[in-house]
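Protein chains: 2
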Amino acid sequence: MTDVKEKTKLNRKEITYNKLKGLGQDIINDVTEKKIPTLSVPSRGTSNIVYDDAKRYYVLGDRYGKRSLGNVKQIKKIGQMVHVANFCKDLVQREKTATLREMYYVSEGWGIGFDNQQESNIVGEDIEVTLGTTREDLGLMPEEDGASVYGNIVLQEGDIEINALKSGKSGYTISPTIDEVDFVGHDVKRVIAVETMGMFHRMVQEKAYDKFDTLIVGLKGQAARATRRFLKRVNEELNLPVYICNDGDPWGFHIAMVIISGSAKLAHVNHDLATPNAKFLGVSASDIINYELPTDPLKDIDVLRLKELAKDPRYRDEAWQNEIKKMLKIGKKAEQQSFSKYGLEYVVDTYFPEKLDAME
Amino acid sequence: MTDVKEKTKLNRKEITYNKLKGLGQDIINDVTEKKIPTLSVPSRGTSNIVYDDAKRYYVLGDRYGKRSLGNVKQIKKIGQMVHVANFCKDLVQREKTATLREMYYVSEGWGIGFDNQQESNIVGEDIEVTLGTTREDLGLMPEEDGASVYGNIVLQEGDIEINALKSGKSGYTISPTIDEVDFVGHDVKRVIAVETMGMFHRMVQEKAYDKFDTLIVGLKGQAARATRRFLKRVNEELNLPVYICNDGDPWGFHIAMVIISGSAKLAHVNHDLATPNAKFLGVSASDIINYELPTDPLKDIDVLRLKELAKDPRYRDEAWQNEIKKMLKIGKKAEQQSFSKYGLEYVVDTYFPEKLDAME
Numbered sequence: 002m003t004d005v006k007e008k009t010k011l012n013r014k015e016i017t018y019n020k021l022k023g024l025g026q027d028i029i030n031d032v033t034e035k036k037i038p039t040l041s042v043p044s045r046g047t048s049n050i051v052y053d054d055a056k057r058y059y060v061l062g063d064r065y066g067k068r069s070l071g072n073v074k075q076i077k078k079i080g081q082m083v084h085v086a087n088f089c090k091d092l093v094q095r096e097k098t099a100t101l102r103e104m105y106y107v108s109e110g111w112g113i114g115f116d117n118q119q120e121s122n123i124v125g126e127d128i129e130v131t132l133g134t135t136r137e138d139l140g141l142m143p144e145e146d147g148a149s150v151y152g153n154i155v156l157q158e159g160d161i162e163i164n165a166l167k168s169g170k171s172g173y174t175i176s177p178t179i180d181e182v183d184f185v186g187h188d189v190k191r192v193i194a195v196e197t198m199g200m201f202h203r204m205v206q207e208k209a210y211d212k213f214d215t216l217i218v219g220l221k222g223q224a225a226r227a228t229r230r231f232l233k234r235v236n237e238e239l240n241l242p243v244y245i246c247n248d249g250d251p252w253g254f255h256i257a258m259v260i261i262s263g264s265a266k267l268a269h270v271n272h273d274l275a276t277p278n279a280k281f282l283g284v285s286a287s288d289i290i291n292y293e294l295p296t297d298p299l300k301d302i303d304v305l306r307l308k309e310l311a312k313d314p315r316y317r318d319e320a321w322q323n324e325i326k327k328m329l330k331i332g333k334k335a336e337q338q339s340f341s342k343y344g345l346e347y348v349v350d351t352y353f354p355e356k357l358d359a360m361e
Numbered sequence: 002m003t004d005v006k007e008k009t010k011l012n013r014k015e016i017t018y019n020k021l022k023g024l025g026q027d028i029i030n031d032v033t034e035k036k037i038p039t040l041s042v043p044s045r046g047t048s049n050i051v052y053d054d055a056k057r058y059y060v061l062g063d064r065y066g067k068r069s070l071g072n073v074k075q076i077k078k079i080g081q082m083v084h085v086a087n088f089c090k091d092l093v094q095r096e097k098t099a100t101l102r103e104m105y106y107v108s109e110g111w112g113i114g115f116d117n118q119q120e121s122n123i124v125g126e127d128i129e130v131t132l133g134t135t136r137e138d139l140g141l142m143p144e145e146d147g148a149s150v151y152g153n154i155v156l157q158e159g160d161i162e163i164n165a166l167k168s169g170k171s172g173y174t175i176s177p178t179i180d181e182v183d184f185v186g187h188d189v190k191r192v193i194a195v196e197t198m199g200m201f202h203r204m205v206q207e208k209a210y211d212k213f214d215t216l217i218v219g220l221k222g223q224a225a226r227a228t229r230r231f232l233k234r235v236n237e238e239l240n241l242p243v244y245i246c247n248d249g250d251p252w253g254f255h256i257a258m259v260i261i262s263g264s265a266k267l268a269h270v271n272h273d274l275a276t277p278n279a280k281f282l283g284v285s286a287s288d289i290i291n292y293e294l295p296t297d298p299l300k301d302i303d304v305l306r307l308k309e310l311a312k313d314p315r316y317r318d319e320a321w322q323n324e325i326k327k328m329l330k331i332g333k334k335a336e337q338q339s340f341s342k343y344g345l346e347y348v349v350d351t352y353f354p355e356k357l358d359a360m361e
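Chains as they are written, first to last, in my numbering: chain F, 2 to 361; chain S, 2 to 361.
No lab work stands behind these hints, which were simulated from the structure alone.
One or more hints might be untrue.
Same chains, same label: a pair holds when it works inside one copy or across any pair of copies.
As the list claims (entries may be wrong) - Heads up, simulated DSBU-like pairs for lysine-lysine below, C-alpha to C-alpha not over 35 Å straight-line:
#1 190 <-> 35
#2 308 <-> 342
#3 167 <-> 327
#4 14 <-> 208
#5 167 <-> 208
#6 78 <-> 342
Could you build all of it, start to finish, from the sequences and the hints given here?
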């Protein structure tokens, strides 16, 4: 078991608390100095979302909007922002979290009503962008839990230690509060994330964790934010290579790519969520051909999506361009579980070892 | 900690294995005796699905169909059944499981092809019904994991003991193989299942497990089969009362009812899945009024669904009929999380204690 060395971690909660306090203090300062209180909110418009070649994910550009109490139309929005910031400051201070839904209901008592939850969600995002912090750090938790993890890693949540090899067959569930979890130690050499829980259970059953000294991560489709944060942390804090194995279709490709290079919509938090060193293991168009997998024909919507991906800067890489072209050419897609054509064990006994060999 | 006494449990796997073997043996016997091999498959048609007042859930009636090798149209179907049964026998013997998707791909090698997965799924269900066993016992696992469980219960999976109070903030995940899990001990007086993970995390944060000596179960919407099996087992094997708290709308009502009285579609396995003693705690129409909850107006589809429920035998009970009428009258629904109007803690500090008091 490799012990994880104690790092002089910055306390994320403390930083967030200070940022939130600072936002209020700036307004008070403006008032004291008889200036009109103004907030600068970075723009999340598409023209301000830029793919950063060096970082290998989307970031926000430097455009921002001003919200001023001197503008009658902006007074309500500033009032809402201050209320939400205050609610979050309270959460952080009391070490609590709330869902966006709960915040919306709590806001009924603020007398500065949101017309619907979408409106309060957007103000929450305004605070995220303005302070350059994630909603999780603000205490605003997504409803959904993250992926399932199986394998020899020990985590600490508060005063509880959890071994993801001893959490049951469905493994350890990554909670939305993943940033409060410490890595204590591990005995693995890599991480393999798979799209479906069917494949997750197959890998647990065939003892893939043992055969490949790997953590097995069951993504359950599109990876939740907590999952992306977990994969980034194991990759960067524990120096573990991360491989992603999904269905061989444009949707499977993109589940991998959002883990690798983040989404445009979350450009303001990709520095916390994207794992540019993560690698797509398969199922690729080449795999479909080489392993003679059972396939389904591409639907129109699949073809359309593949053509979109070909133009997406995240897929600039030659290997991706070739795979997209190849899939369009054969006009076929294949599921992760289609390796069972050769028996249930084949994917673990043959496919994974061959692919890992080629990639490492 | 209450220790769970060792029970002389029948070995479900052994029983299933014998049933599967028996199915093949019957055919061999017919052949040896020069009779035409025939299988009796209980009918799953709506006219054979009956609500059993004594058992308080749907069961299959006594109608069945014959499949005979003497009927040319039925030869392929019998061949498929025998192949699937053989595949399952192999799974059970090797202590493995497979998803229906995997079985479909494996079947490519059988030379008695299924046109699509729906066809192989149905044959799997034929075997379930014919042998009176669940697909889980046959080794055919659903893709989806069950609910999250938080609280002081110790479970055993193989040689691993798991305490659901020490599995992390997202708790212990009920695996599709829940019937292979043993209850070792617990220190709780009840079980509260909630519809959303937002409410699950709220309860964990407010220490509801401690305040109410309860297990907290996060259903994640409609309860998975594994969750229903878990709730039935804690109710019947551990004698723990089970309460269900969902959104106050027809869909929330029905999530509770399927746990309580099973679904019509699964009439053949409700004896393993339904928990007739489980109780609906809320959110009821009365709660909406009494707690002056924030509401949304009922949509046409909600009204339609409520009227359907009013005619459903599972809702015959006077209390249900009154709640359905009341909701139709006020024309409003409310979400579980709407209690946050009174602060994040209110639901645990006030609502749950008041309701539990009234119900116990």
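Notebook entry, point to check: So which of those numbered hints doesn't the model satisfy?
Noted result: Per hint list: 1, 3 violated.
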